Amino acid sequence: MSSTKIFLKSSDDKTFEIDETAARASETLKNIIDGGCLDGVIPLPNVSSNILPKVIEYCKKHGGDNGSSKKIANGGVDKDKEILPDYDEEEDKREKVRVDELKKWEEEYMDFDQQVLYDLMLAANYLHIKGLLDLTVEKAASMIRGRTPDQIRENFNINSDFTPEEEEEMILIEDEWDDEWAFD
Amino acid sequence: MELIPDLPEEIGLECLIRLPYTAYQVAAQVCNRWRELLQSPAFYNLRKQTGNTHKVACLVQSLPAINDGLKPTGPPPYGIVLFDPLSRSWERLEAIPSYPDGLPLFCRLSSVDGKLVVMGGWDPTSWDPVKDVFVYDFRARQWRKGKDMPSKRSFFAAGAVEGKVFVAGGHDEGKNALSSAWAYDVRTDEWEELSHLTEERDECEGVVVGNEFWVVSGYGTENQGRFKRSAEVYQLGLNRWRRVEEVWVGDRCPRGCVDVGKDGKLICWADADAAVEAGACAVGLGEKTLVAGWAHLGAPQGVFLAQNRGKNDKLEKIDMPDQFSGFIQAGCFVEI
Numbered sequence: 001m002s003s004t005k006i007f008l009k010s011s012d013d014k015t016f017e018i019d020e021t022a023a024r025a026s027e028t029l030k031n032i033i034d035g036g037c038l039d040g041v042i043p044l045p046n047v048s049s050n051i052l053p054k055v056i057e058y059c060k061k062h063g064g065d066n067g068s069s070k071k072i073a074n075g076g077v078d079k080d081k082e083i084l085p086d087y088d089e090e091e092d093k094r095e096k097v098r099v100d101e102l103k104k105w106e107e108e109y110m111d112f113d114q115q116v117l118y119d120l121m122l123a124a125n126y127l128h129i130k131g132l133l134d135l136t137v138e139k140a141a142s143m144i145r146g147r148t149p150d151q152i153r154e155n156f157n158i159n160s161d162f163t164p165e166e167e168e169e170m171i172l173i174e175d176e177w178d179d180e181w182a183f184d
Numbered sequence: 001m002e003l004i005p006d007l008p009e010e011i012g013l014e015c016l017i018r019l020p021y022t023a024y025q026v027a028a029q030v031c032n033r034w035r036e037l038l039q040s041p042a043f044y045n046l047r048k049q050t051g052n053t054h055k056v057a058c059l060v061q062s063l064p065a066i067n068d069g070l071k072p073t074g075p076p077p078y079g080i081v082l083f084d085p086l087s088r089s090w091e092r093l094e095a096i097p098s099y100p101d102g103l104p105l106f107c108r109l110s111s112v113d114g115k116l117v118v119m120g121g122w123d124p125t126s127w128d129p130v131k132d133v134f135v136y137d138f139r140a141r142q143w144r145k146g147k148d149m150p151s152k153r154s155f156f157a158a159g160a161v162e163g164k165v166f167v168a169g170g171h172d173e174g175k176n177a178l179s180s181a182w183a184y185d186v187r188t189d190e191w192e193e194l195s196h197l198t199e200e201r202d203e204c205e206g207v208v209v210g211n212e213f214w215v216v217s218g219y220g221t222e223n224q225g226r227f228k229r230s231a232e233v234y235q236l237g238l239n240r241w242r243r244v245e246e247v248w249v250g251d252r253c254p255r256g257c258v259d260v261g262k263d264g265k266l267i268c269w270a271d272a273d274a275a276v277e278a279g280a281c282a283v284g285l286g287e288k289t290l291v292a293g294w295a296h297l298g299a300p301q302g303v304f305l306a307q308n309r310g311k312n313d314k315l316e317k318i319d320m321p322d323q324f325s326g327f328i329q330a331g332c333f334v335e336i
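From first to last, the protein sequence lines stand for chains U and H.
Residue 1 is where the first sequence starts when you use the UniProt record's numbering, and the numbers rise one by one after that.
Residue 1 is where the second sequence starts when you use the UniProt record's numbering, and the numbers rise one by one after that.
These are calculated hints, taken from the structure and not from any lab test.
Because the structure is a prediction, the values reported are computed rather than measured.
For each residue, glycine too, the CB sits at the ideal point set by N, CA and C.
Treat each hint with caution, since some may be false.
[Claimed, not checked] Using C-beta positions, here's what the derived DEER-type ranges look like:
#1 GLU108/U to GLU94/H: 37 to 43 Å
#2 ASP185/H to SER160/U: 31 to 37 Å
#3 THR15/U to ASN52/H: 35 to 41 Å
#4 GLY298/H to ASP111/U: 55 to 61 Å
#5 GLU94/H to GLN115/U: 39 to 45 Å
#6 ARG92/H to GLU166/U: 34 to 40 Å
#7 ALA274/H to GLU108/U: 47 to 53 Å
[Claimed, not checked] Partner residues are not named here, just some residues of chain U that face chain H (Cβ under 8 Å, in silico):
#8 LEU102
#9 TRP105
#10 MET121
#11 ALA140
#12 ALA141
#13 PRO149
#14 ILE152
#15 ARG153
#16 ASP161
#17 PHE162
#18 MET170
Whole structure, please, built from the sequences with the hints as guidance.
Below you can see the structure in the form of structure tokens.
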């Protein structure tokens with residue numbers, strides 16, 4: 001399907017082209033387009049040319065659709081749907097293939113280092129691309145889950161601001177939990 | 001300091017909101033800001049509003065019988081199981097340290113701030129009523145003993161509103177129906193007496209409608225088993241009870257089978273669906289309701305999810321693994 005082209009200008013003055021349908025994945029761009037204030041090029045002073053192509057890649061894949069990430073989070077199958085009277089098995093199969101394909105694409109898409117992750121988060125937040133924000137934030141959350149406090153601090157460059165007394169106390173608090181059982 | 005260095009506050013918060021509760025204990029040891037945030041009620045409320053809590057049904061269920069060749073003596077022991085309506089998985093919660101072999105019989109479950117509160121019931125061995133209160137913190141994965149109930153009370157109504165568990169009605173040790181009511185504040189571990197119900201209500205049921213605690217039906221000492229059609233609603237700011245007449249099907253025990261439909265009206269599950277006509281036990285789970293019961297006495301117990309929390313609802317049967325096929329007696333919804 002042919003679509004109107006939109007031009008985006010990065011913070012370092014480089015211009016990128018994107019289909020209007022793809023650009024609509026961004027709430028911010030959608031408002032600019034619908035607001036009719038489109039004047040040739042849309043400047044994006046908060047997004048650099050390093051990250052903008054990556055954002056455009058996401059928008060191309062998700063233009064006009066923001067619901068798929070959620071389906072993937074639920075294991076790709078909408079269990080409640082199966083009991084609906086107009087449930088169409090063939091349609092559901094096609095949907096499942098589509099979701100599986102998207103899941104694979106996302107896996108490959110999300111393979112990058114932490115600086116890119118941060119930049120993508122900021123861009124997704126600024127451009128209001130909910131699906132991309134969900135995806136990136138989820139990746140950051142996965143760098144917390146199942147790690148030790150030291151690993152988490154290292155991952156995110158956080159300094160422990162507990163005093164030695166507090167560190168001591170933390171161990172004590174865990175013991176206290178057990179002591180609370182000292183009841184009659 | 002930012003929650004996550006080099007990221008705006010709102011994004012740092014987005015990341016932490018998505019952590020499962022199982023990650024809290026460790027994450028709270030990262031730095032002071034994380035610790036304060038993860039432990040704050042505001043953070044819990046934010047997770048609740050954004051749909052990031054883990055939603056489970058906590059159920060009082062009889063434990064699988066141990067086949068030791070001896071004839072069972074007395075009622076089976078009960079434990080708490082967790083049912084996750086999204087993944088349809090079942091899990092057993094660790095036993096309360098003071099009751100390693102089974103919960104107090106007919107104890108009541110409620111939930112405040114993502115914690116589980118177990119109250120009252122009868123000692124599983126002696127059948128004496130107990131005043132015990134236990135609070136389970138899913139994040140610390142530990143049971144804590146709360147302050148005892150002010151008096152021994154059996155078959156009372158319980159429900160949680162705004163950080164407190166409200167209890168009302170039931171009967172005392174002399175089988176006298178009660179009109180007294182109390183509230184337990186989980187955060188301060190204190191009990192506070194409330195104004196009395198307008199009348200005695202033994203074997204009443206507690207439900208929360210919106211943000212109101214309802215005490216449904218029950219009967220007076222002189223009218224054993226003749227269940228009232230009325231309910232009473234506690235008015236938080238006024239410390240008064242408002243009577244609601246003709247709201248319950250007459251002569252039907254409300255225990256376990258009261259639910260609140262999407263329209264805010266009470267539903268009696270024993271009347272709502274033939275599949276659970278006998279011994280219906282309903283636990284509202286936000287959008288859905290878990291309903292257990294029998295089509296008739298002697299039939300196998302069925303467990304269902306009602307998709308729309310309403311009468312004439314389609315019930316979807318839930319598979320129960322063998323070790324979780326015991327009799328479901330009561331339960332409550334917990335957003336961890």
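Each hint tested on the structure:
Distance hint for GLU108/U and GLU94/H: a CB-CB separation of about 41 Å, consistent with the stated range 37 to 43 Å. Distance hint check: the CB atoms of ASP185/H and SER160/U are about 34 Å apart, consistent with the given range 31 to 37 Å. Taken as a hint, the range 35 to 41 Å holds for the pair THR15/U and ASN52/H, whose Cβ atoms sit roughly 39 Å apart. For the hinted restraint 55 to 61 Å between GLY298/H and ASP111/U, the CB-CB distance of approximately 59 Å keeps it satisfied.
A hinted range of 39 to 45 Å for the beta carbons of GLU94/H and GLN115/U is consistent with their spacing of about 43 Å. For the pair ARG92/H and GLU166/U, the supplied restraint of 34 to 40 Å holds, since their beta-carbon distance comes to about 35 Å. As the Cβ distance of ALA274/H to GLU108/U is approximately 52 Å, the hint placing it in 47 to 53 Å holds. Taken as an interface hint, LEU102/U does not check out: its beta carbon lies about 20 Å from the nearest beta carbon of chain H, beyond 8 Å.
Violation of the interface hint for TRP105/U is found here, the shortest Cβ-Cβ separation to chain H being roughly 22 Å, above the 8 Å cut-off. Against a cut-off of 8 Å between C-beta atoms, the interface hint on MET121/U holds, since the closest Cβ of chain H lies about 5 Å away. A hinted interface residue such as ALA140/U counts as satisfied when its beta carbon comes closer than 8 Å to some beta carbon of chain H; here the least separation is about 4 Å, so the hint holds. Look at ALA141/U: its Cβ gets to within about 4 Å of chain H, closer than 8 Å, so that hint holds up.
For PRO149/U, the suggested interface contact is upheld, since its CB lies about 4 Å from the closest CB of chain H, less than 8 Å. Hint status for ILE152/U relative to chain H: holds, with the closest Cβ pair at about 5 Å, below 8 Å. Hint on ARG153/U holds. Least Cβ distance to chain H is approximately 6 Å, under the 8 Å limit. About 5 Å separates the beta-carbon of ASP161/U from the nearest beta-carbon of chain H, less than 8 Å, and the hint is met.
With its C-beta approaching chain H no nearer than about 7 Å, PHE162/U sits inside the 8 Å limit, and its interface hint holds. For MET170/U, the interface hint holds, the least distance from its beta-carbon to any beta-carbon of chain H being 6 Å, beneath 8 Å.
Checked against the numbered hints given earlier, the structure breaks hints 8 and 9 and satisfies all the rest.
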